[in-house]
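Visitor: Chains A and B, in that order, give the protein sequences. Going by my numbering, the first sequence opens with residue 1, and the numbers climb by one from there. Going by my numbering, the second sequence opens with residue 1, and the numbers climb by one from there.
Hints in this document: simulated from the structure, not taken from any laboratory. Heads up, some of the hints might be wrong.
Restraint ranges, calculated between C-beta atoms of paired labels, are given here [said to hold, decoys possible]: (1) A/Leu111 - B/Ser424: 56 to 62 Å; (2) A/Ser146 - B/Tyr75: 49 to 55 Å; (3) B/Tyr75 - A/Glu15: 48 to 54 Å.
Restricting the straight-line Cα-Cα distance to at most 20 Å, the calculated cross-link-like pairs of lysine to aspartate or glutamate (EDC-like) are [what the hints assert, rightly or not]: (4) B/Lys57 - B/Glu35; (5) B/Lys425 - A/Asp112; (6) B/Lys198 - B/Glu47; (7) B/Lys425 - A/Glu143; (8) B/Lys352 - B/Asp399; (9) B/Lys198 - B/Asp177; (10) B/Lys470 - B/Asp429; (11) B/Lys425 - A/Glu15; (12) B/Lys470 - B/Glu442; (13) B/Lys425 - B/Glu409; (14) B/Lys458 - A/Glu143; (15) B/Lys141 - B/Glu205.
Since we're looking at a predicted model, the values are computed, not measured. For each residue, glycine too, the CB sits at the ideal point set by N, CA and C.
The lines below spell out each chain.
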Amino acid sequence: MLRIENLHASIGGNEILRGVNLEVHAGEVHAVMGPNGSGKSTLAQVLAGRESYDVTGEVLYEGEDLLALSPEERAAAGVFLAFQYPVEIPGVGNLYFVRTALNSLRRRQGLDELDAIDFLSLARERMGLVEMDESFMSRSVNEGFSGGEKKRNEIFQMAVLEPKLAILDETDSGLDIDALAVVAQGVNALRSEGRAMLVITHYQRLLDYIVPDVVHVFAEGRIVRSGDKDLALELEQHGYAGLEQRAALTPSAAPVGATP
Amino acid sequence: MTDVSSEVRELAGREYQYGFVTDLETDVAPRGLNEDVIRLISAKKNEPDWMLEWRLKAYRGWLTMEEPSWQKARYAPIDYQDIIYYAAPKPKVAPASLDEVDPEVLAMFDKLGISLAEQGRLSGVAVDAIVDSVSVATTFKEKLADVGVIFCSFSEAVQRHPELVRRYLGTVVPRRDNFFAALNSAVFSDGSFCYIPKGVRCPMELSTYFRINAADTGQFERTLIIAEEGAYVSYLEGCTAPMRDTNQLHAAVVELVALDDAQIKYSTVQNWYPGDAEGRGGIYNFVTKRGKCAGANSKISWTQVETGSAITWKYPGVILQGDNSVGEFYSVALTANHQQADTGTKMIHIGKNTSSTIVSKAISAGHGQNTYRGLVKVLDSASGARNHTQCDSLLLGGDCGAHTFPYVEVKNPTAQVEHEASTSKIGEDQLFYCRQRGIPEEDAVSMIVNGFCREVFKELPMEFAVEAQKLLSVSLEGSVG
Numbered sequence: 001m002l003r004i005e006n007l008h009a010s011i012g013g014n015e016i017l018r019g020v021n022l023e024v025h026a027g028e029v030h031a032v033m034g035p036n037g038s039g040k041s042t043l044a045q046v047l048a049g050r051e052s053y054d055v056t057g058e059v060l061y062e063g064e065d066l067l068a069l070s071p072e073e074r075a076a077a078g079v080f081l082a083f084q085y086p087v088e089i090p091g092v093g094n095l096y097f098v099r100t101a102l103n104s105l106r107r108r109q110g111l112d113e114l115d116a117i118d119f120l121s122l123a124r125e126r127m128g129l130v131e132m133d134e135s136f137m138s139r140s141v142n143e144g145f146s147g148g149e150k151k152r153n154e155i156f157q158m159a160v161l162e163p164k165l166a167i168l169d170e171t172d173s174g175l176d177i178d179a180l181a182v183v184a185q186g187v188n189a190l191r192s193e194g195r196a197m198l199v200i201t202h203y204q205r206l207l208d209y210i211v212p213d214v215v216h217v218f219a220e221g222r223i224v225r226s227g228d229k230d231l232a233l234e235l236e237q238h239g240y241a242g243l244e245q246r247a248a249l250t251p252s253a254a255p256v257g258a259t260p
Numbered sequence: 001m002t003d004v005s006s007e008v009r010e011l012a013g014r015e016y017q018y019g020f021v022t023d024l025e026t027d028v029a030p031r032g033l034n035e036d037v038i039r040l041i042s043a044k045k046n047e048p049d050w051m052l053e054w055r056l057k058a059y060r061g062w063l064t065m066e067e068p069s070w071q072k073a074r075y076a077p078i079d080y081q082d083i084i085y086y087a088a089p090k091p092k093v094a095p096a097s098l099d100e101v102d103p104e105v106l107a108m109f110d111k112l113g114i115s116l117a118e119q120g121r122l123s124g125v126a127v128d129a130i131v132d133s134v135s136v137a138t139t140f141k142e143k144l145a146d147v148g149v150i151f152c153s154f155s156e157a158v159q160r161h162p163e164l165v166r167r168y169l170g171t172v173v174p175r176r177d178n179f180f181a182a183l184n185s186a187v188f189s190d191g192s193f194c195y196i197p198k199g200v201r202c203p204m205e206l207s208t209y210f211r212i213n214a215a216d217t218g219q220f221e222r223t224l225i226i227a228e229e230g231a232y233v234s235y236l237e238g239c240t241a242p243m244r245d246t247n248q249l250h251a252a253v254v255e256l257v258a259l260d261d262a263q264i265k266y267s268t269v270q271n272w273y274p275g276d277a278e279g280r281g282g283i284y285n286f287v288t289k290r291g292k293c294a295g296a297n298s299k300i301s302w303t304q305v306e307t308g309s310a311i312t313w314k315y316p317g318v319i320l321q322g323d324n325s326v327g328e329f330y331s332v333a334l335t336a337n338h339q340q341a342d343t344g345t346k347m348i349h350i351g352k353n354t355s356s357t358i359v360s361k362a363i364s365a366g367h368g369q370n371t372y373r374g375l376v377k378v379l380d381s382a383s384g385a386r387n388h389t390q391c392d393s394l395l396l397g398g399d400c401g402a403h404t405f406p407y408v409e410v411k412n413p414t415a416q417v418e419h420e421a422s423t424s425k426i427g428e429d430q431l432f433y434c435r436q437r438g439i440p441e442e443d444a445v446s447m448i449v450n451g452f453c454r455e456v457f458k459e460l461p462m463e464f465a466v467e468a469q470k471l472l473s474v475s476l477e478g479s480v481g
């Protein structure tokens, strides 16, 4: 589904991604772990189409050149980013926002738009996945939401928009353990054969709830190791520092994501 | 790579939909202003002597006044002798019924989306249609008369209800209030008149639609609304003008009077021609609007959505004279291209426990300059007065400006006055978030701007709120590339 080859990205002359290689198949959940500042979030932003980066390399998504598409075209093609810091939009109702998004996607896909009533029943059902209260829906997008509420709202949007490739950027940050369980339960409910997920996280604890098929370790702008879910546990024991040392010994070891 | 500012520069490309000219046979006064022109206007309207005297006094006052220059707007000097002060589509006698209205005029209003046929889109709204200097039609008059509501053109009111006009005219905006109000008092040609009798809740929205059609004319209308004890009325006004290379002056006066327990809600959607992308042409909208809460527990609300005009310069205010009276001002002002707006409100607290609320939302794009200027004045008699002011500015792009000049004068120690202000830029983050969800950039900008204005839009009557949102979207069309 997704094939990244030798992806570089820099901002203001500062190189952040330094040759990322990754392959993700439909149905797989890949975790990308790494220390702060290693470029994980940049990878997420570049894949979603953030325009502030200078990007080189190749990203094929379902055989198409993803980098040639605008953010909204990528969204229509099924790419979804759950933001690390969801953005507030004052005065725009949450439900209205999500409906506008869904109908924009449907228009691009040549489908009929959903009317308010059909949309509401869909939204209610999906709210249940992340145990979201209906009162959130009439509030402005993310305005005055707690950290946990914002993250739930991201997963709720994902549940409504039903992407093929979901990138979750530090969805666990700022969540207490109960909220983490709820969000993870929502994510797990959305795992399916046709859908791939790229779960970006700093901590192993999220992976207790969302068990990945493949784990990648990200350091200094690229993937330095890949393995199965046990790699995450190893990382927990040795820390990133230990792994970085090993990576330094084998600098050319930039493995393409292995299938489990 | 695109960024917000480069996209917003495209705002110059926005289209003005109402810029057509209708070929109407027009009766015009000679160019320029002197006592003879005023006598001519008065004679054309068959006015009583007191009305002519009133005009002449205003004119003589105006001659001694100087055009103010303190506003934050720049424009070439206006040659008052080069303006035509009276232009009326023929026939100049107001038609007795809609059937007698010139079909060309009806067609023009249809094109503007205002159906004068009473079963039209805005059914449930009574419309007074004003072209250039005169009222061409007023709908639903009979139905309103059944409950005692008078809704007619100002000229008709002078003929048929002279006692009411005489009692209230100039009581809120005196003849010599300011340079443009004095000019208006001398030459005003028409406008709307509304009178809501004691205890009556006006059964429908009243509205006036202003259209400038003729070239080189100024439009000087005068509106007077009186709500007697316990009465309620919601009044709307809308305005458009053809696209022309020269500037046209619109200097209106609006006076509102609310007696005990009465409520007046006045909403404006102003879409005068704003001029082209280089700033040529467009309307100078120099207007004096003021309401007086004369009675206890009365309430006056101004809601304005200002998207048009080359220059908008107005401060709809409320004199809070009655105890416990309430004044409100909700404003959205959008300036794009080379538009300039210097607008805000004046809240004058005189009575006890009077309160006022000011919410101003200014949006600047292109080279637009947007200024909020407001006065909150609490006199020593106004114990327990309260005011809350909130001024928010949104900038689209790097070549525009937002300015805030709040004046606060408090002479009573028990008063509470609050002022909040914010300035924000439409964020790359917000745009990216919307686009990532699949919302095209142009829709995203419009959504974010509409969200910014929501507090004001919710004050508008339903049809107008929808209209205002559409207008804002149209005004922002092409703002992204």
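Visitor: Given a hint of 56 to 62 Å, does the C-beta separation of A/Leu111 and B/Ser424 actually sit inside it?
Guide: At 35 Å between Cβs, range violated.
Visitor: Confirm or reject the claim that B/Tyr75 and A/Glu15 have a C-beta distance inside 48 to 54 Å.
Guide: Holds, at about 52 Å.
Visitor: Decide if the proposed pair is consistent with the structure: B/Lys198 and B/Asp177, CA atoms, cutoff 20 Å inclusive.
Guide: Between B/Lys198 and B/Asp177 the Cα gap is close to 29 Å, so the pair fails against 20 Å, i.e. violated.
Visitor: Would the pair B/Lys425 and A/Asp112 pass a check requiring their Cα atoms to be no farther apart than 20 Å?
Guide: Outside the cut-off at roughly 34 Å; violated.
Visitor: Taken at face value, is the distance from the CA of A/Glu143 to the CA of B/Lys425 at most 20 Å?
Guide: The given pair, whose Cα atoms are some 17 Å apart, holds under the 20 Å limit.
Visitor: Between B/Lys57 and B/Glu35, does the CA-CA distance stay at or below 20 Å?
Guide: holds, 10 Å
Visitor: Within a Cα-Cα threshold of 20 Å, do B/Lys141 and B/Glu205 meet the stated pairing?
Guide: holds, 12 Å
Visitor: Check the hint pairing B/Lys352 with B/Asp399 against an upper bound of 20 Å on the C-alpha distance.
Guide: violated, 45 Å
Visitor: Under the criterion that the straight-line Cα-Cα distance not exceed 20 Å, is the pair B/Lys425, B/Glu409 satisfied?
Guide: violated, 31 Å
Visitor: Within 20 Å, alpha carbon to alpha carbon, are B/Lys198 and B/Glu47?
Guide: Given that 20 Å is the threshold and the Cα spacing comes to 28 Å, the pair is violated.
Visitor: Check whether the Cα positions of B/Lys425 and A/Glu15 lie no farther apart than 20 Å.
Guide: It is violated: about 28 Å lies between the C-alpha atoms, which goes past 20 Å.
Visitor: Going straight from one Cα to the other, do B/Lys458 and A/Glu143 come out at no more than 20 Å?
Guide: Holds - the C-alpha atoms of A/Glu143 and B/Lys458 are around 18 Å apart, at most 20 Å.
Hint check: violations occur at hints 1, 5, 6, 8, 9, 10, 11, 13; the rest are consistent with the structure.
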